[in-house]
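In order, the protein sequence lines correspond to chains A and B. So in full-length UniProt numbering, spot 97 of the first sequence is number 97, and the numbers just go up one at a time. So in full-length UniProt numbering, spot 259 of the second sequence is number 259, and the numbers just go up one at a time.
Keep in mind that the hints are not guaranteed to be accurate.
To be verified - So the derived label-pair ranges between C-beta atoms look like this:
1. A/Gly376 <-> B/Arg211: 35 to 45 Å
2. B/Glu417 <-> A/Ala30: 27 to 37 Å
3. B/Asp308 <-> A/Asp181: 37 to 47 Å
For the record, the hints were derived by calculation from the structure and aren't laboratory data. Note that the Cβ used here is the ideal one computed from N, Cα and C, for glycine as well.
There are 2 protein chains.
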Amino acid sequence: MMMAKAKEYAAACAKAAKVLARLTTAQKNAVLSDMANALRQSHGPILKANETDMANGRDKGLDNAMLDRLQLTPARIDAMADAIDFLVGLPDPVGERRLVETRPNGLKIEKMRIPLGVVCMIYEARPNVTADAGALCLKSGNGVILRGGREALQSSLAIAEAMRPALIAHGIPGAAITVIDDPDRELLLALLKQIDDIDLVIPRGGEGLIRFVTEQSRIPVIQHFKGVCHLYVDKEADLDKAFNILMNGKTQRTGVCNALEGLLVHQDVAETFLPKVAKAFGEKGVKVHADSATAGYFAGAELMGEDDYGQEYLALEIAIRQVPDFDGAVAHIERFGSQHTEVIVTENNDTATAFQQQVDSAVVMANASSRFSDGGELGLGAEIGISTSKLHAYGPMGLEALTTEKFVVTGAGQVRE
Amino acid sequence: MMMAKAKEYAAACAKAAKVLARLTTAQKNAVLSDMANALRQSHGPILKANETDMANGRDKGLDNAMLDRLQLTPARIDAMADAIDFLVGLPDPVGERRLVETRPNGLKIEKMRIPLGVVCMIYEARPNVTADAGALCLKSGNGVILRGGREALQSSLAIAEAMRPALIAHGIPGAAITVIDDPDRELLLALLKQIDDIDLVIPRGGEGLIRFVTEQSRIPVIQHFKGVCHLYVDKEADLDKAFNILMNGKTQRTGVCNALEGLLVHQDVAETFLPKVAKAFGEKGVKVHADSATAGYFAGAELMGEDDYGQEYLALEIAIRQVPDFDGAVAHIERFGSQHTEVIVTENNDTATAFQQQVDSAVVMANASSRFSDGGELGLGAEIGISTSKLHAYGPMGLEALTTEKFVVTGAGQVRE
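Isolated chain A, as found in the complex:
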């Protein structure tokens, strides 16, 4: 029964997606503007639904961090609307047509960018994903199925309800943005099998959710398990830059996947660099895990065993290790990194380039804070997720990552010999 229900949702969204795929940029922007305005005018019903979710959440004993993510305010609703207005100003990748080559037989080979079709977002207690992902998919011409957690369900439904009239007014089936109102796990499992109608699954949440979706899905899944980002301070580093990048990466915001979780220091600069770090970390209350050569610099440091690295602390906590050389740093990252973001600080351009070439990570930086590793800061405008697997997209995904290209061939009657 759940399979039939899932098929119905997916097929309706796929049908609506065919309408979306043919809209012009101006049409899509008009819908988005109307949606943003509708959200601003719907504070009442959205806040009321959110109160229900918040009360349920408190009853169920959700922790404060989760309740904070769940809570909506007039300002947060307006921020969602602003994000949609911002999308209006971004270039539309759909329809871009580029010449690849003209073949010796005269065939003109081009590529044309088109939407993927239907995207299924699986997420937990963040109601804003409903507005963000709905708008990103619409701008890129895709239908979207939004399957949020039970915790944020009433809020998500109210947000979608506010946005829907803009679809209808522009002749787009409401199923273009489908919110699954039944948080049943069997229905989720059935959705993950709809290979004929859903093109991409994007889970957003903890590692458990992502592993579960990857295990169960028959549809391609964008994976982003965790962010274990390292900073490597090279022997030719500008140590002031290194210090600023370290403090920014570890202490500016700790609960995010682009925060630093590991520091690798070339042994030649350890004696100069680490005492300053120890002082600052002491003041900020950063807990340190370190190898035996390093632990002595940090009061209360916990000694790390050879195999203990690679933790995602998401807190004022960091692993520090001295490395004998560049290759040692690269080898450590290869073993313990999570292919999210890795940073080198060095004044030697050849060393920076070698790091950027050799480190296998979605984002590889020289002399910049790992905190810049998100869609907005990298110039994508907006972000629907971060891929740490390499298929289709690697790293932060913007509008273009929600599209693909088809071959367009133009001839004058050519046939094959």
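Based on these hints, arrange chain B on the given structure of chain A.
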């Protein structure tokens, strides 16, 4: 036990892939040239192994088409070597570095092309895939796990054996091109679960094989179920071009996925066009299935019901239908096409453009034969498969489709506010 064995194969190939990823283009080309020469010098052992496969195949009652695909000859071995030499001349996508933008804060955002990692090919009785896919993956810096069918196993092992010394001589672990010597189904299933070490699965074969792999794999799969390609003859078509493109698409080679399986004719040109087609099809022995308005033109035509279209005949057989207009043609293709290749013949450029925009298919052509829809003819140089699903690649896949891009960021010490 099979899970441990699969893990071992996959991990060894992933380790070798890290070596491949760092090779220069010149190094990879040197290995490929040595492989091509080694194949030319290994006729003896390869043909001997192939004789074993052929004898087993005859014992097992394989049909003639399958035996023909299985059979190797000195010329066919040399053709594999030539294909590898051809790859040497193709540009290497790996390492390409392009500027995306310089951000207002001075960060330089670039993208750099890198290999995917490990590709797993699942195929049936074509031993040449062993050489072709092995070489394509090597040129693109990827490790490859080749899991061919039991029927071609001895031939595949002999081909891999001939190619291996070139790897070793250049310091590359032999596991870079891993041939699975155990055709056990449990081992295949276990391979399809190695999400940490295998990045992409490409099945090549019948629809049954591809559905099976898609169902079982936890790794992204390139899907290519079938090719139900249509030709739409518009009311403004040059009917001579249409005739040539029709005959080429249906009769030049029938057992291929880019052959035509459906003909849609605008009703205004049916009376002029169809008698000539009927005569030619009669001479060539093409069997026709048609709607009631059309069947009368063809002696012995079988009448088609409304829901009967969409067959992949792979034979001298075709479905023909008259359509009242352009939209009718597009709607038919949307319902019955397979997102492989669709063709319009028209002298009206606006109509051609509308068709290229509106038809959702990996390859959309105007005034050219569907038979051009392959990697070589579209300018990719070589082809590892055709994707009719949209993730990562859509259409014929060449070297670039075996790579992805990472973000490369270069700063001067910037931190985030």
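Hints violated by the structure (listed by number, smallest first):
Failing hints: none at all.
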